[in-house]
Amino acid sequence: MAATAFADAAQYHREFEDFAAKRNEPDGLLQLRRQALQRLETLGLPSSRQETWRFTDVAALGQMAFQRAGDAPVAADRLPLLEGPHHRLVFVNGRFAPGLSRLQHLPDEALVASLGQALLTHPERVVASLDQLKGLADNPFAARNSAFWEDGAFVYLPRGVVLDLPLHLIFFASGEDTASYPRTLIVLEEAAQSALVVDYRGQGRYLNCPMTEISLGSGAVLDFHLIQEDDPQAWHLGGLRLQQEQNSRFTGHLLSAGGLLTRTDIYGLLAGEGAECHWYGLTLVKDRQLGDQHLLLEHAKPHGNSRQLFKGVLEDKGRIVFDGLIRVQQHAQKTDANQQNRNLLLSRQALAHSNPRLEILADDVKCSHGSTVGFLDPDALFYLRARGIGLAEAQSMLVYAFANEIVEHIKLAPLRERLEQLLSERLYPAAERKV
Amino acid sequence: MLEIKNLHASVDGREILNGIDLSIQAGEVHALMGPNGSGKSTLANVIAGREGYEVTAGEVLFLGKNLLELAPEERARAGLFLAFQYPVEIPGVNNLYFLKAAANAIRKSRGEPELDAMEFWETVHQRMELVKMDESMLKRPVNEGFSGGEKKRNEIFQMAVLEPRFAVLDETDSGLDIDALKVVSDGVNALRGPERGFLVITHYQRLLEYIVPDRVHVLINGRIVRSGGKELALELEEQGYALYSKEPGRARRANA
Ligand SMILES: Nc1ncnc2c1ncn2[C@@H]1O[C@H](COP(=O)(O)OP(=O)(O)OP(=O)(O)O)[C@@H](O)[C@H]1O
Ligand SMILES: [Mg+2]
Chain A
883 MAATAFADAA
893 QYHREFEDFA
903 AKRNEPDGLL
913 QLRRQALQRL
923 ETLGLPSSRQ
933 ETWRFTDVAA
943 LGQMAFQRAG
953 DAPVAADRLP
963 LLEGPHHRLV
973 FVNGRFAPGL
983 SRLQHLPDEA
993 LVASLGQALL
1003 THPERVVASL
1013 DQLKGLADNP
1023 FAARNSAFWE
1033 DGAFVYLPRG
1043 VVLDLPLHLI
1053 FFASGEDTAS
1063 YPRTLIVLEE
1073 AAQSALVVDY
1083 RGQGRYLNCP
1093 MTEISLGSGA
1103 VLDFHLIQED
1113 DPQAWHLGGL
1123 RLQQEQNSRF
1133 TGHLLSAGGL
1143 LTRTDIYGLL
1153 AGEGAECHWY
1163 GLTLVKDRQL
1173 GDQHLLLEHA
1183 KPHGNSRQLF
1193 KGVLEDKGRI
1203 VFDGLIRVQQ
1213 HAQKTDANQQ
1223 NRNLLLSRQA
1233 LAHSNPRLEI
1243 LADDVKCSHG
1253 STVGFLDPDA
1263 LFYLRARGIG
1273 LAEAQSMLVY
1283 AFANEIVEHI
1293 KLAPLRERLE
1303 QLLSERLYPA
1313 AERKV
Chain B
3 MLEIKNLHAS
13 VDGREILNGI
23 DLSIQAGEVH
33 ALMGPNGSGK
43 STLANVIAGR
53 EGYEVTAGEV
63 LFLGKNLLEL
73 APEERARAGL
83 FLAFQYPVEI
93 PGVNNLYFLK
103 AAANAIRKSR
113 GEPELDAMEF
123 WETVHQRMEL
133 VKMDESMLKR
143 PVNEGFSGGE
153 KKRNEIFQMA
163 VLEPRFAVLD
173 ETDSGLDIDA
183 LKVVSDGVNA
193 LRGPERGFLV
203 ITHYQRLLEY
213 IVPDRVHVLI
223 NGRIVRSGGK
233 ELALELEEQG
243 YALYSKEPGR
253 ARRANA
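Chains A and B supply the protein sequences, listed in that same order. Just so we're aligned, residue 883 is where the first sequence starts under my numbering, counting upward by one. Just so we're aligned, residue 3 is where the second sequence starts under my numbering, counting upward by one.
These are computed hints drawn from the structure, not numbers from a lab. The C-beta atom is built at its ideal place from N, Cα and C for all residues, glycine as well. Careful, some of the hints might be misleading.
Claimed, not checked - Okay, the calculated bits of chain B under chain A, using three or more residues with CB under 8 Å as the criterion: (1) 46-53; (2) 71-82; (3) 98-110.
Please build the complete structure, drawing on both the sequences and the hints.
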């Protein structure tokens, strides 16, 4: 297959026609894909002249040629497996890998499958929910995913269904100059509950453009984890849309540690009264990595509650961009929203851009935000050293403590332990470098 | 044990210590008193190796070693301890974990094996009783949310666990209630012995009724202007520091 210049509309149109012809999909879906292609064409490739792309320059993509990623063999030991019983779906380059996947016994009414399978067995369910949520309309990478996604995960829990075991989705990417578009669609109806871990990993110089959609019915509860450990040469440009009905509870954990340039755009809509949305994010960058998180949480109804705590640890020439907006609509009285961004610089060449914002149209709300960028606290360092703890160990302890504030919120013990391990491996040697 | 000779130190080019001479033998407790801003904490910090102070002259010997050449952690490993006037809060670092890391770093530097969890726990338990510290404080992050008195107690507790050869207590009595003062003093007294020395910085004679010093020194404007026995503390309590101030304006203000 010929490489396709990323920004060349004529070429990706041709690519699309090829691609669409081979897929045997319900008309409704094809329609969605064409609409997305249309959006993609209008949006083009973001330029750093656009406000939301100011610090994240993706112009280089315009010169790159990515092929659609093909099948690639992946050994199971390369996968970030979780300890303990759980359901697992694995995708390689956006395609379902049944041999690496394993589902335990599921409640009868629950539907947990690849999107491809679900389209065969329950097409109406997929069509009813896919690409239906608000948000990210101006994001070309979300549009690209909507046009080109091949497969992904589908989770549908009807009213009151509770998944006892966590569900683990692994998206593994592999290849040189390849692009993949993993898709995840999560629908929890009224009072359904689940814990979900989504892992992005890979090997090679690839482009990963995942898109996740989550819809929570009233009273539904989702414990969500997104762990991004892509290859150090990879680009990761992901999107996530979330919509929450009345009294639903969403807790999201986002760990971004891999990739050369990574960005996740999140849109969350608290569409029902009393919805609760908590995000804990941790971005680790080193070398010349760039990690960008863009969040827009929109409170549309009264009594909503949202919390965001995003932390960043920057080494070497690493860069972090955080842009968070809390938007409170006029009728969303009694909204309680807080957003914090804290960045720890371990090098004088590192750079953090933090832009927390509030946009409040209601008059009876409690909203606050804050952001900090700073080095390790010299008083704390001295205190530890004055007790006999060496400089390197003292630095490590403080960096670990800073980062672990995010990880310690994770209730899922096997995942928490895995990430604690990741933190100590990654941050201990890091801190030995003198600031 | 601790030998300070003609020590001059400055911060941002401003001289704070103006030639300090002080010699403390093993087994002795010395008290250092002096008005606010006279340089007591500066002396403690220079001894402990805090950054930001420039030693412009003089030397500090500890057990024969040139202390000023050592990094703070090396001083601690050599047996020096500073109980901070303002203990630092360290969110996210568990108190017990921190203390174990400290104890093991010190042991390792002496070529001793690391303590196993059981041994360490036994020591900790014993010392906790000594300073009547609540177990729950061990599980919390270092000093985070501790009351002023709890922080001071935690300092003495750390000292009791780490068993230094020489300890500088910088206003450990400030902010303690009467009972806590007694407890902390008992803790210090329990550690007193022929092998160990103390420099106790305080503003109050009362502490010295519990921890009876061998010598009392008066620090004014970065210089020790007078030294004497424990009765000197009583005298200061009655007369204040006005007597020692060369500036008449200062003296008047202090008398008022
Ligand atoms: N790191 C520093 N930066 C600037 N000035 C300092 C610093 N450390 C000490 N000083 C100054 O040096 C002088 C002595 O301060 P020091 O803390 O040693 O006093 P002290 O005798 O301990 O007082 P107190 O009884 O109030 O604790 C003060 O004028 C103080 O402002
Ligand atoms: Mg002081």
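Worksheet item: Tell me, which hint numbers fail for this structure?
Response: Hints that this structure does not satisfy do not exist here, as all of them hold.
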